[in-house]
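Novice: The primary structure of each chain is shown beneath.
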Amino acid sequence: MPGALVWELKKLIIETLKLEEITPEDIEDDGRLFGDGLGLDSIDALELVVALEKTYGVVIPDSEVGERVFRSVNTLAQFVREKTKSRTLELGNP
Amino acid sequence: MKYDETEIKVRFNEVDSWGMVWHGHYLSWFEVGRMALLGKFRLLPKDFAQMGYIAPVVDLKCIFKEPARFNEEVLIRTTVLKPTKAALTFRFQALRKSDGKLLASGEETQVLLTLDGRMLYIIPQDLQARFQPLFDYFEEPDSAA
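Residue numbers (the working numbering), protein chains in the order written: chain C, 1 to 94; chain E, 1001 to 1145.
A couple of the hints might just be wrong.
[Said to hold, decoys possible] Here are the simulated DSSO-like cross-link-like pairs (lysine-lysine), alpha carbons at most 30 angstroms apart as the crow flies:
no., chain 1, residue 1, chain 2, residue 2
1, C, Lys18, E, Lys1101
2, C, Lys18, E, Lys1046
3, C, Lys85, C, Lys18
4, C, Lys83, E, Lys1082
5, E, Lys1097, C, Lys11
6, E, Lys1065, E, Lys1046
7, C, Lys11, C, Lys85
8, E, Lys1002, E, Lys1101
9, C, Lys54, E, Lys1065
10, E, Lys1040, E, Lys1065
11, E, Lys1082, C, Lys54
12, C, Lys18, E, Lys1009
13, E, Lys1046, E, Lys1009
14, E, Lys1046, E, Lys1101
15, C, Lys83, E, Lys1085
16, C, Lys11, E, Lys1085
17, E, Lys1002, E, Lys1046
18, E, Lys1101, E, Lys1009
19, E, Lys1046, E, Lys1061
20, C, Lys85, E, Lys1009
[Said to hold, decoys possible] To give an idea of the chain C side of the interface with chain E (calculated C-beta under 8 angstroms), a few residues:
no., residue
21, Gly39
22, Ser42
23, Asp44
24, Val59
25, Ser63
[Unchecked claim] Derived coverage of chain E by chain C (criterion: at least 3 residues anywhere in the stretch with Cβ under 8 angstroms from a Cβ of chain C; other residues may be distant):
no., stretch
26, 1041-1055
27, 1116-1123
Hints are computed from structural coordinates only; laboratory data are not their basis.
Backbone N, C-alpha and C fix where the C-beta goes; we use that ideal spot for every residue, glycine too.
Isolated chain C, as found in the complex:
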């Protein structure tokens, strides 16, 4: 199921940042996460980095990588897939 990771990441964003009034359906796959998109800020990025490392073991060291990875849920999913590809984890099949 190709969309499973995207859905999982949306849920992770909502739960990590306690976005109580937002559901996964409200977040567009290609919509901007920061600024005028979902409206996340730099502290949110720090929280997400911790949650992503804990959940998927992926490391986003700084804003240089972060700006590319956090562009949208799709770019985030692509990054998680790339970084976990070498492992046997099948993240798309929960």
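Given chain C, work out where chain E should sit, using these hints.
Specialist: Then chain E, alone, in the frame of chain C:
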């Protein structure tokens, strides 16, 4: 919670026309407390810059309980929270020295940037090693308590 303490005395130019300290000054007192603490651990802004980092403030709040007045001695108490992410969070209290009454409390968060403006999402090893004595100090039980 363990705090580092420093003292200030309310100056005439810090009180408003009601004779109370103007609210914005509490934030500069917190800054006095923060610098006094960081200076003890050689973590002043110049020390950060020497390592190639700056630490701008991204969040700041203050709760006002009681007004301070001219010439009163005020105790500024500062502590730092053990980080759960790549940010430093300080907590402050301002107490009237004569009766120990809490005047204001506050919290401030700083993130870490390289000198060329790259924000760090993970605390690098060199900084972690420099922060460790600071965090250890606040982990230790307070001998005065």
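Novice: None of the hints should be skipped; say for each whether it holds.
Specialist: Now the hints, each set against the structure:
Between C/Lys18 and E/Lys1101 the CA atoms are separated by roughly 35 angstroms; this puts the pair beyond 30 angstroms, and the hint is violated. Using a Cα cut-off of 30 angstroms, the hinted pair C/Lys18 and E/Lys1046 is violated, with the two alpha carbons roughly 36 angstroms apart. Among the hinted pairs, C/Lys85 with C/Lys18 is consistent with the structure: their alpha-carbon atoms are about 29 angstroms apart, no more than 30 angstroms. Restraint check for C/Lys83 and E/Lys1082: the C-alpha separation of about 29 angstroms stays at or below 30 angstroms, so the hint holds.
Between E/Lys1097 and C/Lys11, the direct Cα distance comes to roughly 49 angstroms. Violation of the 30 angstroms bound is thereby established for this hinted pair. Distance restraint check for E/Lys1065 and E/Lys1046: the Cα-Cα separation of roughly 34 angstroms exceeds the 30 angstroms cut-off, and the hinted pair is therefore not satisfied. Only pairs whose Cα atoms come within 30 angstroms are accepted, and C/Lys11 paired with C/Lys85 is accepted, the gap being roughly 21 angstroms. A threshold of 30 angstroms between alpha carbons decides the hint, and for E/Lys1002 with E/Lys1101 the separation of about 18 angstroms falls inside it, so the pair holds.
Among the hinted pairs, C/Lys54 with E/Lys1065 is inconsistent with the structure: their alpha-carbon atoms are about 39 angstroms apart, more than 30 angstroms. With a CA separation close to 29 angstroms, the supplied pair E/Lys1040 and E/Lys1065 stays within the 30 angstroms bound. With a CA separation close to 18 angstroms, the supplied pair E/Lys1082 and C/Lys54 stays within the 30 angstroms bound. With a CA separation close to 42 angstroms, the supplied pair C/Lys18 and E/Lys1009 exceeds the 30 angstroms bound.
Between the alpha carbons of E/Lys1046 and E/Lys1009 the distance comes to roughly 26 angstroms, so the proposed pair stays at or under 30 angstroms and holds. For the suggested pair E/Lys1046 and E/Lys1101, the alpha carbons sit about 34 angstroms apart, so the restraint of at most 30 angstroms is broken. A C-alpha spacing of about 21 angstroms is found between C/Lys83 and E/Lys1085, which places the hinted pair at or below 30 angstroms, so the restraint holds. Note on C/Lys11 and E/Lys1085: the hinted pairing holds, with a Cα-Cα distance of about 20 angstroms set against a maximum of 30 angstroms.
With a C-alpha separation of about 26 angstroms, the suggested pairing of E/Lys1002 with E/Lys1046 holds against the 30 angstroms cut-off. This hinted pair checks out: E/Lys1101 and E/Lys1009 have alpha carbons roughly 15 angstroms apart, not beyond 30 angstroms. At roughly 25 angstroms between alpha-carbon atoms, E/Lys1046 and E/Lys1061 fall within 30 angstroms of each other, so this suggested pair holds. Annotation: proposed proximity of C/Lys85 to E/Lys1009 is violated, straight-line Cα distance about 61 angstroms (limit 30 angstroms).
Contact between C/Gly39 and chain E, as hinted, is not supported at the beta carbon level, the nearest pair being about 15 angstroms apart and thus beyond 8 angstroms. For the restraint placing C/Ser42 at the interface with chain E, the shortest Cβ-Cβ distance is roughly 6 angstroms, inside the 8 angstroms limit, so the hint holds. Here the hint on C/Asp44 is broken, as its CB sits about 10 angstroms from the closest CB of chain E, past 8 angstroms. Against a cut-off of 8 angstroms between C-beta atoms, the interface hint on C/Val59 holds, since the closest Cβ of chain E lies about 7 angstroms away.
Restraint check, C/Ser63 versus chain E: the minimum CB separation of about 4 angstroms is within 8 angstroms; hint holds. Given a C-beta distance limit of less than 8 angstroms, the hint that chain C covers the stretch 1041-1055 of chain E is violated, as 0 residues qualify and 3 are needed. Check result for the stretch 1116-1123 of chain E against chain C: holds, 5 residues qualifying (beta carbon to beta carbon below 8 angstroms, three or more required).
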